[in-house]
Amino acid sequence: MGEFLSAVVEQPFLRQALLAGLLASLGCGLIGPFVVVKRISFLAGGIAHSVLGGMGAGAYFGFDPLLGALGAAVVSALLIGWVRLAWRTGEDTAIGALWAIGMAVGILFISQTPGYATDLMSFLFGSILLVPTRELWFMAALDLALLLAVGLLYRHFIAVTFDEEFARLRGVPVSTLYLLLLVLVALTVVLMIQVVGLILVIALLTLPAAMAGQWTHSITGMMATATLLGAGLTSGGLALSYAPDLPPGPTIILLAGALYLVSALAAGLRRRLGRLQRG
Amino acid sequence: MSTAAAVDIQQLSFSYAATPVLQGVDLRVASGEFLGIVGPNAGGKSTLLRLILGLLKPSSGRIRVLGEPAWRARRRIGYVPQYPGFSRDFPISVEEVVLMSRFGLGLSSKRRAGEGERPGLRLGRWRRTDRDAAAAALAEVEAADLHGRQIGTLSGGQMQRVLLARALASEPELLILDEPTANIDQRIEGEIFELLAALNRRLTILVVSHDIGFISGYVTRVACLNRTLICHTTDAIDGQTIRALYGEDVRHIHHDHPPPAEAHEAAHG
Chain U
1 MGEFLSAVVE QPFLRQALLA GLLASLGCGL IGPFVVVKRI SFLAGGIAHS VLGGMGAGAY
61 FGFDPLLGAL GAAVVSALLI GWVRLAWRTG EDTAIGALWA IGMAVGILFI SQTPGYATDL
121 MSFLFGSILL VPTRELWFMA ALDLALLLAV GLLYRHFIAV TFDEEFARLR GVPVSTLYLL
181 LLVLVALTVV LMIQVVGLIL VIALLTLPAA MAGQWTHSIT GMMATATLLG AGLTSGGLAL
241 SYAPDLPPGP TIILLAGALY LVSALAAGLR RRLGRLQRG
Chain W
280 MSTAAAVDIQ QLSFSYAATP VLQGVDLRVA SGEFLGIVGP NAGGKSTLLR LILGLLKPSS
340 GRIRVLGEPA WRARRRIGYV PQYPGFSRDF PISVEEVVLM SRFGLGLSSK RRAGEGERPG
400 LRLGRWRRTD RDAAAAALAE VEAADLHGRQ IGTLSGGQMQ RVLLARALAS EPELLILDEP
460 TANIDQRIEG EIFELLAALN RRLTILVVSH DIGFISGYVT RVACLNRTLI CHTTDAIDGQ
520 TIRALYGEDV RHIHHDHPPP AEAHEAAHG
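Quick note, the sequences are listed as chains U and W, same order. If you read the first sequence in our numbering, its first letter stands for residue 1, the second for the next number, and so on. If you read the second sequence in our numbering, its first letter stands for residue 280, the second for the next number, and so on.
These aren't lab readings, by the way, just hints derived from the structure by calculation. Please note that a few of the clues may not be correct.
[Claimed, not checked] Once the Cα atoms are required to be at most 25 Å apart in a straight line, the calculated SDA-like pairs of lysine to any residue come out as:
no., chain 1, residue 1, chain 2, residue 2
1, U, K38, W, Q429
2, W, K336, U, V174
3, U, K38, W, A418
4, W, K336, W, T326
5, W, K336, U, K38
[Stated by the list, open to error] Reference excerpt, derived from the structure (chain W facing chain U, CB under 7 Å, subset only):
no., residue
6, R354
7, Y358
8, G364
9, F369
10, M379
11, S380
12, F382
13, L402
14, H426
15, G427
Just so you know, even glycine gets a beta-carbon here, dropped at the ideal spot from N, CA and C.
Please model the entire structure based on the sequences and the hints provided.
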């Protein structure tokens with residue numbers, strides 16, 4: 001750990017990585033709770049995987065793969081949302097199809113692009129150590145968009161995730177807000193891809209929020225706790241991976257998984273103790 | 280606006296795909312009434328409520344609510360569903376649940392009456408007035424002490440009070456309840472109906488119930504619904520006559536409609 005701290009002071013690339021993790025953790029906090037309480041992690045997983053299509057197209061046609069990812073994420077979010085709103089039952093199939101089709105498109109593009117193997121690995125599992133300054137600004141812009149949207153509309157998002165029918169009765173534009181929420185999930189996926197890669201995104205999106213949900217009792221409490229947990233997990237995973245030279249993305253995810261397990265056990269124990277005390 | 284009937288339904292029919300659920304329903308609920316709607320399971324009670332709320336469109340016929348088309352009157356209705364559309368483990372407090380009906384009230388009361396408003400789009404945090412209205416609604420259902428509780432920790436009776444407070448916090452002119460006492464014991468059922476009777480002093484109330492014997496002591500009028508409006512008593516009546524009337528009508532259904540199981544259920548359920 002001491003080695004990591006002195007390296008952070010000396011190495012600018014580690015400082016960039018740390019900053020990227022912190023920027024990504026805002027996504028854990030702002031959007032993760034909605035994904036968890038609305039139980040749409042499969043949907044978020046579909047968006048995350050379909051993103052490879054956009055990244056592959058970016059690599060092949062020579063534009064920034066992150067822009068490709070952003071486009072693909074937003075398109076698949078809207079597609080899945082539209083399928084759900086139009087035919088409630090088709091959602092599951094649509095998610096599975098987009099999941100696989102997006103990846104297939106991406107793999108085909110990447111296979112036709114020279115030097116594809118390294119790109120593919122960093123798309124899939126992240127490359128937090130190689131985040132250029134330009135992408136930090138891109139991540140900051142995504143954070144700003146998330147902050148604005150959630151700051152202005154968090155009551156509405158709570159209404160839509162809590163009780164859709166009642167919200168509709170009260171004149172809340174439920175369908176529009178649902179689509180907007182999915183677009184925000186898409187932005188969050190793109191925000192996190194640089195850190196842990198598209199395969200592991202789903203863990204960073206849900207685990208901090210799920211842990212927060214075990215210890216807090218409001219969406220806003222979950223947001224604050226999940227943001228802090230996300231910051232701790234990305235920084236901690238980065239630090240743990242540094243000395244043994246492990247890939248940081250998977251290390252962050254394993255750390256999150258381990259902490260989730262501990263948190264779930266502790267929360268269960270606390271419930272049992274509480275029940276004993278009450279008699 | 281106050282001279283218009285609270286609910287005015289003319290020759291209303293509704294079917295799901297090819298299955299007729301309601302046929303030729305005529306119902307007029309005057310402002311200030313406390314109407315009980317009773318009838319067998321699958322007799323169309325909940326469907327009628329959903330039509331009045333504008334959640335479903337009639338196949339034919341006309342519904343006006345508070346002098347407006349149903350979908351537009353929605354915001355002036357307080358609604359207590361039979362099965363709330365949320366899960367009890369959602370991380371939310373009682374106060375926040377009650378606040379959920381403060382959407383749709385526009386930016387101010389002046390804007391509320393205006394044309395072309397976009398309800399529900401007020402941004403940012405809840406206002407003082409919203410929190411005050413939620414507190415007042417909780418106090419009115421004698422549940423002010425619950426305001427900070429997690430909804431998951433409430434008993435059945437407490438939950439019912441909170442759902443009633445959620446309906447009241449929008450300051451509605453018409454209160455619609457779908458089986459408000461289906462899952463709670465008799466004593467609490469009595470308390471809830473006492474509350475409704477008190478609310479009826481300032482609100483029109485429409486309540487669906489399977490328990491005709493019970494509600495008869497509270498409502499001003501009963502409508503029996505089985506596909507169509509079978510009885511429609513306009514006189515103030517006591518429990519005994521309703522029971523007799525309901526029984527007669529059930530026998531009547533028995534003759535007209537083949538499935539005796541349903542009629543049997545209606546007579547005893």
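Each hint tested on the structure:
1. Distance hint between K38/U and Q429/W is fulfilled; the C-alpha atoms sit about 18 Å from each other, no more than 25 Å.
2. Restraint check for K336/W and V174/U: the C-alpha separation of about 18 Å stays at or below 25 Å, so the hint holds.
3. Restraint check for K38/U and A418/W: not satisfied, since their Cα atoms lie roughly 30 Å apart, outside the 25 Å limit.
4. About 10 Å separates the Cα atoms of K336/W and T326/W, which keeps this hinted pair within 25 Å; it holds.
5. Only pairs whose Cα atoms come within 25 Å are accepted, and K336/W paired with K38/U is rejected, the gap being roughly 28 Å.
6. Contact between R354/W and chain U, as hinted, is supported at the beta carbon level, the nearest pair being about 6 Å apart and thus within 7 Å.
7. At its closest, the beta carbon of Y358/W sits 6 Å from a beta carbon of chain U; the interface hint therefore holds under the 7 Å criterion.
8. Given the 7 Å rule on beta carbons, the hint for G364/W holds: about 4 Å separates it from the nearest Cβ of chain U.
9. Taking 7 Å as the C-beta cut-off, the interface hint given for F369/W holds, the closest approach to chain U being about 6 Å.
10. Taking 7 Å as the C-beta cut-off, the interface hint given for M379/W holds, the closest approach to chain U being about 6 Å.
11. With a least beta-carbon distance of about 6 Å to chain U, the hint placing S380/W at the interface is held under the 7 Å criterion.
12. Interface restraint check: F382/W against chain U, minimum CB-CB distance 4 Å, threshold 7 Å, status holds.
13. Contact between L402/W and chain U, as hinted, is supported at the beta carbon level, the nearest pair being about 4 Å apart and thus within 7 Å.
14. The interface hint given for H426/W is violated, since its Cβ lies 13 Å from the closest Cβ of chain U, which is over the 7 Å cut-off.
15. A distance limit of 7 Å between C-beta atoms decides the matter here; for G427/W the minimum to chain U is near 10 Å, and the interface restraint is violated.
Hints 3, 5, 14 and 15 from the list above are not met by this structure, while the remaining hints are.
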